[in-house]
Each structure stands twice: as C-alpha cells, then as structure tokens.
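Student: Line by line, the protein sequences are chains Y and W. Under our numbering, the letters of the first sequence match residues 1 to 509, in that order. Under our numbering, the letters of the second sequence match residues 1 to 501, in that order.
Some hints could be false.
Which residues of chain Y face chain W? A partial, calculated answer using Cβ under 10 Å [stated by the list, open to error]:
#1 Pro35
#2 Arg37
#3 Asp369
#4 Ser373
#5 Val383
#6 Glu460
#7 Arg465
#8 Leu468
Source of the hints: derived by calculation from the structure; they are not laboratory data. Backbone N, C-alpha and C fix where the C-beta goes; we use that ideal spot for every residue, glycine too.
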Amino acid sequence: MDDVRFDGAERLRVVVVGGGTSGWMTAAAIAKLLPHRASVHLVESEAIGIVGVGEATLPHIRAFNERLGIREADFMAGTRATFKLGIEFRNWGRIGDSYIHPFGTFGRGTGEVQFHQYYARLVHAGIKLPPIEAFSMACTVARMNRFALPSTDSRSIASTFGYAYQFDAVTFAPYLRRLSESLGARRTEGKVVRVDQDGETGDVTAIVLEDGRRIEGDLFIDCSGFAALLIGKTLNEPFQDWSRWLPADRAAAMPCRTATEVTPYTSAIAMPAGWRWRIPLQHRTGNGYVFSSAFLSEDKAAQALEAAVEGEPMASPRFLRFQAGRRERSWAHNVVAIGLAGGFLEPLESTSIYLVQQAITALLELFPDRRISPVDRDEFNRVVDMEYDRVRDFLILHYHATERDDSEFWNYVRTMPIPDSLAEKMELFRRRGRIVKYREGAFLDASWVSVYLGQRVTPEGHDPRADLPSIDSLVAGLEQLRTEIRSTAAAMPDHLAYLDGYCPMKAAA
Amino acid sequence: MPAPLDGPMRRVVVVGGGIIGWSAAAALRRRMPSLAVTIVPVPPPANALADLVPGTLPSVVGFHDDLGLRDEDAVVRAGSFYRLGTAFEGWAGKRPSYVHAYGTHGQPFGTASFHHHWVRAAAAAGDTAPFDAHSPAAALARAGRFAPPISDAGSPFAGIEHGLVLDLPSYAAMLSAFARHVGVVVREGAVRDVRLRENGFVDALLLEDGSELDGDLFVDATGPQATIRATMDGDWEDWSRWLPADRLLIGDGPPRAEPSALDRAVAMPAGWRWVSETPNRTAHGMLYASADLSTEAAARAFRGATGLNAPAPVTLRQGTRPEPWRANCVAIGDAAMSIEPLEWTNLHLAHSAIDRVIAMMPGHACHPLELADYNRQAAAEVARVRDFVALHYATSNRPEPFWQRAAAAEPPASLAYTLRLFAERGRLPFFEEETFAKDSWLSVLIGQGVIPRRTDPLIDTVPAFQSDQAMAGWRAAIEAALPSFPTPAAYLGAQKRQISA
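Extracted from the complex, chain Y is given alone in its bound form (with noise of 0.2 Å):
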C-alpha cells in the first residue's frame, strides 16, 4: 500500500460484539473489503444462542456474496440452500386465497404504463381474467415446482425474474465465521460483563468480559441482538415502538422433516393470532409461529404450529420474543448496531438479512476516521432509517388488508388506524391503481401490486392511458404473454432436480 495514513498501526480498531449472523456478515464485509482501514476483531459467546431464523431472504444477498467473493453454489451446498422466487401468502385477504409475491414483474416492459393498468382496465371491461401471477414469470415457475437460473438476455420473457434464498442461517453464520477468519478476522469467546465509557465524550473505549480481558477499540458494533448491549444497555439510545401496527411480538419455531414438495418459496401462512412460515431447505423445513402474546398464550402457539407442520417434527418449539420498532439513531457516538440490536421488523418479508446488509453497505461506503465525524454517523442514520421505515409500511399493509374478522387479533389489525403514510398509499391505489413512486428502498412497484391485488385491494379506476390499446388487442396480447410464460416456465427443470445438479449438500455435512 503506497498510502502511508493506512500502514498497520493506524488501522481502525473495529469490535464486533455478538457472532449471529449480523456479526460475521459484518465482520466478513469489514475483514475482505477494508483491510487497510480496519482490523476485525469479534467477540462472542457460544453459551448465548444466536437467533437464526431469518433463514429466507431477498435477492439482494446475491450482490453480497458476490462482493465477498462467495462462490453461488459452494454457498449454497454449504447452508443446504434452495432457490427462492417468491413468498406465497395463503388466507391473508380471506381464509382460501392464496397469492404470490414475486421476484419479478409482471408481463414485461410495457413502456410508461404499468401492466397491472391494462390488467385492470380488462378487469373493468368485464373480461373474465386469471389472477395476475398468471402473468408473471417468477409465480408461475414457482407454482410449478420448478427452477432455472434467469437468462441474461434481456428479450427473452426469462429474463423477467430474480430469485434469492432459503438457507440454514445457523450454517450461514460459521461459513462466514471461517471466511472472516481466513481474511485475518479475529474472534475471542466469551461473555461481555462490563462496557468501559470515556467519562468525557461518552464513547466507548472497551468491553470487558467475563474472565477479566478487556478488548479496546475505536469503532463498536453491536450485533448483539435484543439483548442490544451497546447501543441500548449503555447508550440507551431510545427504541420507537412499533408494535401499535405490527402487534406480534413472538415467535415459536420448529424444524421438521419434508414430508411434501421442497417448494422454490417460502410460505408465510395467515394463523388466528398471526401468521405461519414455512421454508424448505435441502435437508428439512423450517417452521414457525409469529404471533401476538395479546392475543394468544406461547402454549396455544406452541400447539397450533405442531399440529399444522406437515412433516415430522424434529424438534419441540422454541420461543423468541421481540417487539417491532428501531433505534432512534442506529449510529450513536461509536458504536453502530447492525441487525436486531439496531431494529426488529418480523420476517414477513423475509427482510432481516436485507436490512443487515443495507446496513454493512452503508457503513463501508461512510467508513469513519479514528475520529468519527457526525456527518458520517447522520447520513448512515438516514440511509438505514429509510429502510426501515418503507419496510414498515409495506409489513403493516399484508395486516391491515384483509376482510379477515374470524379472530380477535384479525378484528384490530383490520381495524387499527395505520400510519397516514400508508393509508394514503392505499387510497391512491384504491382510486386508480397508483403506486406512489420511489426510487429506493426494497419493493418497487410489482411488490406493492402483487400484494394488493393478492390481499382484494382492487382499484376502482385505472390510467386513462391503459385505455387507448383495443381491447381484442390487449386480450390477445395477454393471451400470449400466459402461453409464453408457461411455455418458458415448462421447460425448467424441477426445483429438487436443479438442485442436485448445482450444490447439492455435501454428504455428513
């Protein structure tokens, strides 16, 4: 390095505190990216259980591992993954529906007029049409059981989807540990009893564990999940509570056996008191209860998810318990907290490995000095605060959209009042299918449409431009994209099939 402002000693001193997954995607990222600027240096204690269930995720993890240099099916061997288009939501609007939320649009480019605006100006010319997914890539290769990498030719109707993962997170948080280890990461074991401030400015200087070693450092990241030891138990950095809109705050999980197909989606199952996700990975299926303690006890939970698993339990349940909200500031003096330390927002989504990794993205880009500006710490605040909060309203629109009023917890989300933001996002769409328009955050408009129209939030009107094509054409048009899709889509190969041919487990893995 000809740069002598980053030679060895004047490196940034980078403590990771907790070793879940946030911890070593953080330290991973830190460790291959910035090894001039910082050392890594993660502490965490094998007798606290790392949470692990964000085992679903978005596409974006892709351009993650790629920046790591993580080899797609090596990875994927490694967590016994499975290929990802989607989330299917069942008995959300009613009790019987059933809807997928793609990776992907619908149709393909149909210039500046969306396509579900032709969809729904069909819709109101009285033309019997089948649900939208029908008209898109990612669900119907979904519904099919099958999977195939998307083409990179960006004609061809192939092209109109992107997919993520299903992954077993307890492996995902070792494979980056070795990663991380192998970039010249170190890691100590052991419990953090005491945090040292500078009785000045308040910044902290070091933890100290449990045996007495005390680890100094310059820049702190809590990934210490709840239990958020820095930037809560000692910056008491306030938390905004979320929960008056996301009302669940547990989770009961369970493993069991694949008794039925290993779909190429999660499933996130609407249940009396919340919802139910199931996510089939190579080698078993995850399954869980996210539920509201208002409305119903851990033991009626734990009962309920055991007699709804379709496979062979191969575990008892086990219980988490959170409550939605973030920081107010998820940077504070020196330490930034990265993943639930720093917020929680249920899994609905499968958004809590994205929001992490929104959060790696921005502390590499606003890497700070040894003394840390404010106007690093601000603009890493707004960009993770940006993230958070659009996440929020779309998690709160699957609750509120529904003509569910089968349950009491049904009954108050259908019913409680939602932040303006988001009602105001629904009427426009209610009005003419509008999608209030944003450049940024995780779902772009086909994510806001599939749920919508998924959940019976149906516009009364369209865009007046959807008028002009005839509709013999639009129909015939429409026709055709159905049989290209299913075409295209029937000539995948099976999920399980493309599996074994790309990463299959390795054997006593």
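Dock chain W against the given chain Y, drawing on the hints supplied.
Tutor: For chain W alone, coordinates are given in the frame of chain Y:
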C-alpha cells in the same frame, strides 16, 4: 364508506400561447387521445422565462420522442442548434473555468465511483488534469466538435447527451402546427375573468369576446401572473436569499462563422451573463440584482459585454408555488415557479410538469390525495433544481457584495446537507425526484472548488499509480477520437442536406 370513484377527465383547457402552452396542449392531446383539448393561446408576457430562454437540457429530446416529433421537425426545420454543455467562467475565485457537460465523467473501475480516484490524485499532486478533462462531452464541446448519442458501448462517447438552443419563434410555430395537427382546438382571445365555483373549482373562463369556456381541468401556462391559478391563492415560497438575481436582459447578436456547442456562463460583478451560439445568431442574456446595479449601469455592462443595446429589463421573483395543482387548475412553467436560466432548467421543469400531469392524471373531481401526490413530487423536484442552481452561488468565491451575500446565506437544508456530506467525504446523498445526475453534481461541485476532505475507503485497494494510469488512458482515448467528429454546424448541415435530398 369511500365515495364512488369520479369519472375520467374529458375536457382540458390550456391557457397560454408560448411554447409551454403549446407543448402542454400537444402532449395532452397526443398522449391521452381521449381528452378534448382546447388552447387559449394568450401570448406569454416577457417575464415568462420558460417561454423566453433558448437553452434546454438533454431531456428535451425525450419529450420530443414521446410526442413522436422527429429531429428533422423539432430540430432542423425549427431552427434549433445543439448544445453539449456550459463553460463556467469566473465563478470561483482564481479557479480555472470549468465545463458542465452531460453524461459520464471517467470510466468506473473497482467498486467506488470514478471521482474518488480523481480526488485522491488531485490531493496528492496539484497538477492533475481537471475533472472535466474526463468528460467526453466536455472535451468534444471544448474542441468545437459535436456528436449525437453513440450506440457503440465501447466508445468513451457512448454516454453523451446533448440539449438544444431553440429558435423560439420557429419552435413555437412548429409546436402550434403540430398541436393543431393532432387535434387541439384553438380558441383565440384573451381571458377577461375567471369564474370560480363555491368549492373553489374553476367554473369557466370569461373571454374578451364575451364568450365562456368551461372544462374539467385548466392548465395555466400564462407565465408568472398565473391568470387562472392566482385567482385561488397567491402563496409563494421565496428563494431570493439564495438566488438573488431579479433582472434579466436578453438580446440577439450576429452569428459567428463556426458556432460552438459550448455555451458560456460568465460571472459578473453583480450577476452573470450567458452566450449561446447558433448558425443564425448569437443569443445573449444577463442576470443581475437590482439592489446592486441600476438599470443604466446594467445596460452599460450589457452593451460592453455584447455590443448590443440593452432592452427593457425583465423582472423576476425567484421561487415556487408550494401547491401548483389546486382544485381543477394546475400551474406549469412560470405560472408554477420562477428560476433563473443558469443550468437551463426552465423548459425542462415545464416539460416535467406536463409529463407528470399525464402520468398522474386524476379523475375530474381532482381528489385531494391525488393532487397531494402530484404536488409532493413537484415540490421535491423543484427543491432539488433550486439546490443545484443555488449551489453555484453558495460556493462562489468573488469579492463583490452581490456574491458575498449569496455565499454567506445559509443554504436550504437539503443543499447544506449535500455540501456538508460531499465536502467531508465525496458522497452525494440520495434524494427522490432529482433532475441532475450524479455526474452533473460532481462536475459543478468540483468545478466550483468543493473538494472532498476524504475519499471512499474502498479505493485504497487500488494503488494510486493504477488510478493515474487509468485516468490518463481514458483522457488519451478521448483525445484520440476528437478529430473524427464534425463541428456542430457541419453535423447540422449534413442533416439539412439529408432532409432536402
């Protein structure tokens, strides 16, 4: 229960006979053929800048495409000329002039943005080639050459874009013919009065000849007086503390033999002036603050710089209507906002408003939520354009009181945030509805002398000599290709011959 949905808009009345009014009428009719569009082509007043300023941003090309207007009509026959960028002279103390051209600056390599490599090199050695030397469009413009967008992805010139210098009378005539051709109904006459309903909606326009004109939606393109929209309220957000110029002089001089596609924005003691060249004329303009310069002194300065006699000055009051769309009346162009022509955003903002009216067209009841969404987007857009223009003043470095005051004013919060973040570490914050691309911000920030204190740590893994080599290679590739391009006049000449052939 929500009220039943209102039906679609049917009849739109556009008021204003400048290029904004004609553009709106033509676009609405062409892109929403179910609308009946009537225009009352009241000539715009002299202070309607979007109808007066000849320079445009590259977005004008897309606006023409959406209308189905071809270059031969919109450019060649309408007497337009090409522009690749603007040279800024004397804005930032002793710093050399710089060119803001469109498209990419430098070739990205590695994971960090190109400009971090430049900033690092500039910090290490004082004699680094200027930032704009890495812009293919700026190099073309400086060399007196021109190129249309190039589809060869391997060429450094692949990403360049151009704007236009319009010949306003010919351009207005072309649009008016086009609007009539697509079925816009023309209703000659002036608006004598506006009749409002009790609910605040426009009921009808009363015309000079005693007739009435009603409609579902009224598009006000009458310039700053906002003949229709101002009958509802006069709310105005004032920007003069950041954009202090309030007078404009404008005039045409004789053409130069070989006109340049690079216009000039020259800072003056109490304002600035522009020069835009075309084969038929050289367009001049001068902005100044009446507080610093008397009309007589301004006229002398204008004559001294251009050799032209100064016309009566146009008065402007920079700012925006916080709510351009209210009830069934939407103000566009100078009826919605007023901003000086620095960076040529006037026509762009009017076009963008027209596009937005089309994309977000509400039902005939103009539901408040639909209007709020329109106004939210419009406000976000103009705020960032204001920031971009104000950036030139906030970072200016000149001794005169006009400039000292502008530089001392606390910038709008979003600009202050941008400046702080960029100066600290070369990052541009994300805002929705941004008009200018990242490279445009970089070009002006760096050109004005805002050099980041730190660079992106991700570039440290690329040794400095490698960055230097890559930058030198990029500049060499640009330089080598320059002689193969025609002058802008030669390019336009070839287009003309093709049309008449």
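Student: Do the numbers back the hint for Y:Ser373, that is, is its least Cβ distance to chain W under 10 Å?
Tutor: holds, 6 Å
Student: If you take the shortest Cβ to Cβ gap from Y:Glu460 to chain W, is it below 10 Å?
Tutor: Because about 4 Å separates Y:Glu460 from the closest Cβ in chain W, which is inside the 10 Å limit, the hint holds.
Student: Is the interface hint satisfied for Y:Arg37? The criterion is a beta-carbon contact with chain W at less than 10 Å.
Tutor: Interface hint status for Y:Arg37: holds (5 Å vs cutoff 10 Å).
Student: Does Y:Arg465 hold up as a contact with chain W if the rule is Cβ-Cβ below 10 Å?
Tutor: This interface hint holds because 6 Å falls under the 10 Å limit.
Student: Using 10 Å as the Cβ threshold, decide whether Y:Leu468 counts as touching chain W.
Tutor: Given a least distance of 7 Å, the restraint on Y:Leu468 holds.
Student: Does Y:Val383 pass the interface hint, meaning its C-beta sits closer than 10 Å to a C-beta of chain W?
Tutor: holds, 8 Å
Student: Hint validation: Y:Asp369 versus chain W, beta carbon distance must be below 10 Å. Holds or violated?
Tutor: holds, 7 Å
Student: Against chain W, with CB atoms and a cut of 10 Å, does the hint on Y:Pro35 hold up?
Tutor: holds, 8 Å
Every hint, counting from the list given before, is met by this structure.
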